[in-house]
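Enquirer: Protein sequences, first through last, are from chains A and B. Numbers given in my numbering equal positions in the first sequence, counted from 1, plus 85. Numbers given in my numbering equal positions in the second sequence, counted from 1, plus 72.
Please keep in mind that the hints were generated in silico from the structure rather than gathered at the bench. Just so it is clear, CB atoms sit at the ideal spot from N, CA and C, and this is done for glycine as well. Don't take every hint at face value.
Said to hold, decoys possible - A few chain A residues facing chain B, derived, Cβ under 7 Å: (1) Q173; (2) I177; (3) Q188; (4) P224; (5) A228; (6) T232.
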Amino acid sequence: MNLTINGQAQTLDDAAVAPDMPLLWALRDVLQLTGTKYGCGIAACGACTVVIDGQAVRSCVTPLSAVQGRAVRTIEGLGTAEQPHALQRAWIAHQVPQCGYCQSGMLMAALALLERNRNPSDADIDAAITNLCRCGTYPRVRAAIKTAAREWAGAVPAPKGKA
Amino acid sequence: MRRRRFLLSALGVGGALVVGWGVMPPRSRLGQASMFATDANAVGLNGWIKIAPDGGVLLAMPRSEMGQGVHTGLAMLAAEELDVGLDQLQLVPGGHDAIYGNVALFLGSLPLHPEGTQPGQEGSPARAGRWIVSKVARELGINATGGSSSMADAWEPVRLAAATARAQLLGAASLQWKLPVAELEVRRGVVSHSSGSKGHYGELAKVAAATPPGPVRVKEPKEWQLIGKPAPRVDLPAKTDGRAGFGIDVRLPGMLYAAIRHCPMIGGGIGAVDVDSALKLPGVLRVVRLGNYAGSTAALAVVGRSSWHAQRAAQALQVDWHQRPAGGLDSAAILSGLERAARDAAASGGGFAFHRRGEAAPALAGAARRVEAMYRAPYLAHATMEPVNCTARVADGRVEVWAPTQVPGSARALAAQVAGVPVDHVTVHVTYLGGGFGRRLDIDFVGQAVRIAMETGGRPVQLLWSREEDTGHDFYRPAGTAFMQAGLDAQGLPVALAITSAGDAITPRWMQRTLPQLAGPMDMPDKTVSEGLFDLPYGIEHQRMAHVTTHHDVPIGYWRSVGHSHNAFFSESFIDELAHEAKQDPVKFRLALLSAMPRHAAVLKLAADQAGWGAPLAGGRARGVALHESFDTIVAQVAEVSLENGRPRVHRVVCAVDCGVAVNPGVIAQQMESGVIFGLTAALHGRIDIENGVVRQRSFPDYPLLSLKDAPVVETHIVPSTRPPTGVGEPGTPPIAPAVANALFALTGQRLRELPLTLKA
């Protein structure tokens, strides 16, 4: 089975996976990309959020068969310690994470939001960030998304045809 | 007296010996370099501090990071005294030596009333109790992260260890350069003298290790460079790029994955199992029967090639589950029984009295008017975002465990017992915790993982519970009731307050599960049942706070802020009822009762002022206030609430906190926000129902958490203080439920006396 993860082609051993295996487990247990988390397995919490073709997707209910040939981006493909993404800089500036477990999913959901909307309103953020956090980082998530949006809007031209 | 007997029996020795031992100085927590392991090139100066060749500092870190910021907070203490930057300090796991034990956690278990512990008022029983418990806890050396105690515990030993190391390093420079210590300066770990002599800690460490420190003093507050200023958390870069290693992220060569299915009925058993229903599926290796480990219900584990293979097969297992012999547990029946128990004890003067002042019974009987109310709170699950998990390898008579745990020593002891090896053949690696909130003070999952790993031929195995298993087999926050009675004078002011609560006690059962070697001797009344009730700061003349300890077989455990989590709702809602009875403003009413408690009054005033208490609000909103001390930290919150579609909507919470020295104001604000939002989930949504032994709630759809769109703005204001720091991980949680309930009363006239808060249509 062939996948494209963070711009890299990955071939998975057919003995290790199955078409109905959720993407989450292929990432975590086969490819050892453990940044994406398991929280509920029923798309209720968002800890497993990845971005596929620009959309935030809950990988715990997304079978491998549905992601063949599509571009999957995980937290490992967002930025690095040396070259952090605008979202990661904002996350640090606002000191968002606490336990940190839900934060990969939060960041990827925020990425999908900002990729289509560089000036999200509170209502836009409410609608896009349905990820659960038990530590209560929500107010800082909201603030950091706005900071990242400003930085991104200033540094990167918005895609044509979009507001 | 029972408490004294606890202290003596906890030692397991007779009184005469204790007197002799008691006058000896407490065991030092400085320790030796051999107590924590790092790479051999580092030079150890004591049990907390080693110096790397490049001059970097290695700090032994025994506490578990579960979001509360402890790794940053303790690092700040060491960096401050050593005059290095936080970036120059690296955390290394602490070992199992007693110096890393958490003394403050045990001090926090003393049932002391705040009146006896205010500055200048501390009575000799409080002092004597603290002294002896501190000594005992130092000997026991139990490493646990909980009870909002880490900062209070580390404040002296970590600063002293770092200051001692600094003194040795400066002593070494002084010897080598033949210059007086007083003329040396340190900046970012570089020692220098105006004459030009200069060297970093790495160059001085070897000589320092052989140099006595001489007289050591920790810095005066005016000398602090780091303490008191917001410092960025050291764990956050790794928590924004996927690198942070939680328990679930452990990956080892040849590792297998296990899923679990417990008997759905709490305490039930397993009959016939059709193992083939699982084994015929691809990627499945074996099925393991699991007995009871540290309080767990019997279960079946399925080992597979991935968590998905294992989980799928676990779901497919055909099992004949057995109800427990005593019959299925029922939470509604338990709560009704707790109501009766509280009411009956209130009538008979029963229960264990944690606090007595004046003569409450006659004062109630003779009062001009009486106010009575029954309050209730349900069982609650922890619902950490990282489900319960543990990785274990059992091979060649040795056990290795990777666990997100708050109690590594207990995990180690249980692993040794399950595998049948000596405890020193067990290594425990503590990972980051994807939330703890008390769930990871239990070690059931460690026993299970080790047992499974005994069946995998030496291959490591990672046990991961599904969300449904996590919700259905927790150690729940106990359900509780409290019958509140107040006697009012002719002006409507309270002259007597009696609180009779009922519910199960966590500590004795947790001790049996987690610290079995101490479970016998520790027969002290469990303060956690009555905390937040017996220790109210209000100067009401006659008081009696008693608790009826019940025993039901629902597994119960510590849940963020423990007894305070529901008791603050009971007490601060009822105080609000009394303010209403007295026809007084809730803030003024409380302040009038706080004349002997200036710290509490200051916190309340700060919150009220910052919230604009009394000023007009936007239409449809009302304010509610609550004040509560827990874990020696005082918090007041003012909540602004409205109704949206008939349901409470919390818009803004203004929080004031006195936690002594504000070591890292950034983390304090973060923890207040965290405590408020965690508490709001419980106040507005949280309930676990048990029917015929089965927990009805299974996952987030029926055990909902507060969402981002419903989260309020939280503003935190810190009272400046020079007192030693106290914890912030839990104290933000208790006041929010009563603050919201009191706002809902102001808004609707409905007095809600049960959690979660549900308005009548």
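Enquirer: Against each hint, give a clear statement of whether it holds in the structure.
Expert: These are the hints, each one checked on the structure:
1. Q173: Holds: closest Cβ of chain B sits about 5 Å from Q173 of chain A, inside 7 Å.
2. I177: Result: holds, 6 Å to nearest chain B Cβ.
3. Q188: Constraint on Q188 of chain A satisfied, holds at 6 Å.
4. P224: Constraint on P224 of chain A satisfied, holds at 6 Å.
5. A228: violated, 10 Å
6. T232: violated, 13 Å
When each numbered hint is compared with the structure, violations occur for hints 5, 6.
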